[in-house]
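Participant: Residue numbers (our numbering), protein chains in the order written: chain A, 1 to 121; chain B, 1 to 706; chain C, 1 to 156.
Keep in mind the hints are simulated off the structure, nothing from the lab. Heads up, some of the hints might be wrong.
As the list claims (entries may be wrong) - Straight-line C-alpha distance at most 16 Å; calculated EDC-like pairs for lysine to aspartate or glutamate:
{"no.": "1", "chain 1": "A", "residue 1": "Lys90", "chain 2": "B", "residue 2": "Glu226"}
{"no.": "2", "chain 1": "A", "residue 1": "Lys90", "chain 2": "A", "residue 2": "Asp47"}
{"no.": "3", "chain 1": "B", "residue 1": "Lys662", "chain 2": "C", "residue 2": "Glu111"}
{"no.": "4", "chain 1": "C", "residue 1": "Lys47", "chain 2": "B", "residue 2": "Asp666"}
{"no.": "5", "chain 1": "C", "residue 1": "Lys47", "chain 2": "B", "residue 2": "Glu575"}
The lines below spell out each chain.
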Amino acid sequence: MATILTVDDSPSMRQMIRMTLEPAGHSVIEAGDGAQGLAKAQASRPDMVITDLNMPVMNGLDLIRALRKQPTLTGLPIVFLTTESSDGAKQEAKSAGATGWITKPFVPAQLLAVVGKLVRS
Amino acid sequence: MSFADATAVFRQEASELLEVLEGTLLDLGLRPHDKDLVDTAFRALHTIKGSGAMFGFDKVAAFTHEFETAFDRVRKGEIVPTQELIAVALAAKDYIRALIETPDETDTIIGDAILGDLTQFVAPRAATAEPTATATVAAPMQANRPAGWKLYLEFEQHVLRNGSNPLDLLEDLCKLGPCFAVPLTDAIPLLDEIEPEDCYLKWDVTLHCDCDRSAIDDVFMFVCDEMKLRMTPLTQTDVAPQVVSLGQDMVVQNALIQDVDVQDEPAVTVVVEAPAIVPEQGPVAPSPVAATPAELATPAAAKVRREEPKRSDERAVATVRVQAERLDELMDRVGELVIAQARLSQLAATSADLSIKMIAEEIERLAGSLRDTTMGARMVPIGSLFGRFRRLVHDLSRDLGKPVEFVTSGEDTELDKTMIECLADPLVHLIRNAIDHGIEDTAARTAAGKTESGRIELQAVHSGAQVLVTVRDNGGGLNTARIRAKAEEQGLIAPGATLSDSDIHQFLFHPGFSTAQTISALSGRGVGMDVVKRTIENMRGSIDLSTRPGQGTTVTLRLPLTLAIIEGLLIRVGEGRYIIPLSAVEECVELTPEDQRSRGRSFLNVRGSLVPFLRLRELLHVNAAADPHQKTIIISTGECRVGLVADQIIGSHQTVIKSLSKLHSDVTIFSGATILGDGTAALILDVAQLVALAQAKAEKQMNEAA
Amino acid sequence: MSIAHKQDSSAATDRALQVVMIGLGEEKFALEAELVREIIDPVPVTKVAGARAFVPSVINVRGNVIPLADLRTRFGMPVADASVDTRIVVVELKIDNEPVLVGLTADKVYEVTEIVRTDVQQTPRVGMHWRPEFIRFITKWHEEFVIVPNIERILN
């Protein structure tokens, strides 16, 4: 099915995402910070990116902006993980170019639903 | 990987975050105005909360949430953290740890009490935002749902660039019920002005569904800011659907619709047939979990690497997590490789084949390099251990009412990782003793003219082939008289016996021995020092006490750098071969003829200085005739030099240390064994023991001569 | 020869006990098979000065340096020279609750077999110093007396 890049500095979070998506037939690539995420996105051209916002080296917002600058990655669905329900964070991320968001904590079904919503074959 | 494994990752992560939190809180106690510290603490809490909820640690998430809320005033800079506040925060951190590690045994009453205390110190606190039921705004349920909706959809031009696809959204709409979408093409520019990645189409949609606003909002939740959405409810009397199906091939993406004349009025009716399924609520149901109160997005978290001893300066050192067992396995393989390589070298030495010799040399070089690198991978700075003790000292000092300054140095000193863990308990014990028994209470200190605050110094330093870890206090020192009295009381010394002070101090290591007047909750049960000594000795280390009455006590732990591989000097005594750790070897000299002849002498003359010596033949019960030219190997443990007399020095031998089994634990002159190139086992001489023996012998002889 | 299986421990009951039958001096000893890890040919031995008499040396077995014990000293039997039949039986014991590998010298290894504990009159032998605590029980096997030693006691 889809190849999804998950960018988060929390290994347990990446693990959770992997364990949710892989059984559904998706393949998952991991990155531990924004810079890694950018590199892997350029190299592997995933079908979707799920990223945290607070990360060292390069945070999620900068990652989203950087990804949007890549001509080869236009239209790439980028979803960010947020514990906030505040509009501020969402606005910021949306203006940076994010497609959508998932609130933490999430239930696996939600994650799969968002993936299903944004990744169509 | 199973869920259990993922939870283990969470626990590991949480454990590290809690450590960061503790250190940060302690630092905050020293620098209450440091905003960065508060932010760091908050980030740690935040991550624990989020991950905790993910892995089912609901109590952790809930408590951390409350804690965050209560601590919020500190974060906003409205109040400055006091020592009491820090203490409560530390208690909260412990509670969180308990909730993660032993959830069944942890009573929520503790958590409530902590929050209560916290409120007191922080009152009046910011009103906790009531956890809202859903993450998104729930639309008011309409008493009578409409039969459907009429929608007008207009997207921002760039909506496609951000990964959203209006066609997909239309499809999602249709999952709610039969719907008709009519594209409005009036905004499509001329061909040469068209940006292929922009969206120029709008839609009028008629959706027949028994759903309310929120279902539709859900479909567009991600793009609601990038579109105009107008909804009007349909009544029952609206036009029934006419189903005309069209292929899905209409690619709107690059707006090059062959069939549409861009100048014309929109004429194409696109009907997307709704699948015959029950309309779902919407593809993304918001999670009914307590949402966090409104918080500003936290700045980029500075992740503290596991090995990093200093929290305040973050260095981006690339690290990789490796499971400890894998490192151990790696070490074992490297060890076996080293042994095999030694055999190869031995064979090659006797071979006439030059190319084999060269390869053997190359392999020797590579194996050595691999060994060094692998050993390096196992080395961990001792600072990771020191960090824990700050909390210990803080708590003890508070519990006992004795102000104590805690100073550490040598955090960067590296030790084999297996040793670090074994050191933790002994050091805890020594520090406890130092504070409990060593440091006097404030009254006694001021009376003695000392500073009110006691001082504990924890230091680690490399010394030759060893690491020296010292715990030094400036308390009252060991009370030799009382130790002696206690020893006599326990029947360990005969009343009149003459013993040196240091001999008397050794009784502290006797099981069950304690001179504490009162047994405090912390120490004094006498279950400590003997275990400490045994643990250190199991690591092939040694423990020393030195004290100055009224001024303080220093406990010195000497530990080998690594338990795994050493460079050794292979010697022969009689028929047997033995290894002396090369790092302890200072030099090798030939025995002078006079030294050879002397039987009763205990000192060698080495370039003018007298060095006590041992004849290994005697020590190792070798009966056969001695070789004519005996060799002396001068070894040292840093302060003392001793000569060991052997029959032959064979050469150097790098080797994997194998421990001797328990059945030989009584033979203290050997610290371990190794396997030589020919497959036989050779024993490794314990340098510290030999030095002690030689000194004792020399002293005895001197006393007898006197 | 390597014995890799573990068995249900059958304590000294009437159930059959799987053992490795070895000869030591004039006597036959039965070592519980579940303790035996392997049986190897003699290897070069390294003497350990200052060790207790029944564990005088160490040997290298698969990269592990393990003690080589001589049960003869514990039973007051005279030391004999090695012969072509001499073998080393490597056993795994629990000492202070931790597993320890120990090699035992055997003048001869007969076979792996089953014995049953039957009531046997313990006949004192001339020329041998019995220490009852070193022996679990004595039984008969093919008309001969066989000693089932308590190895953990012997080596502790």
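Participant: Flag every earlier hint the structure violates by its number, smallest first.
Facilitator: 2, 3
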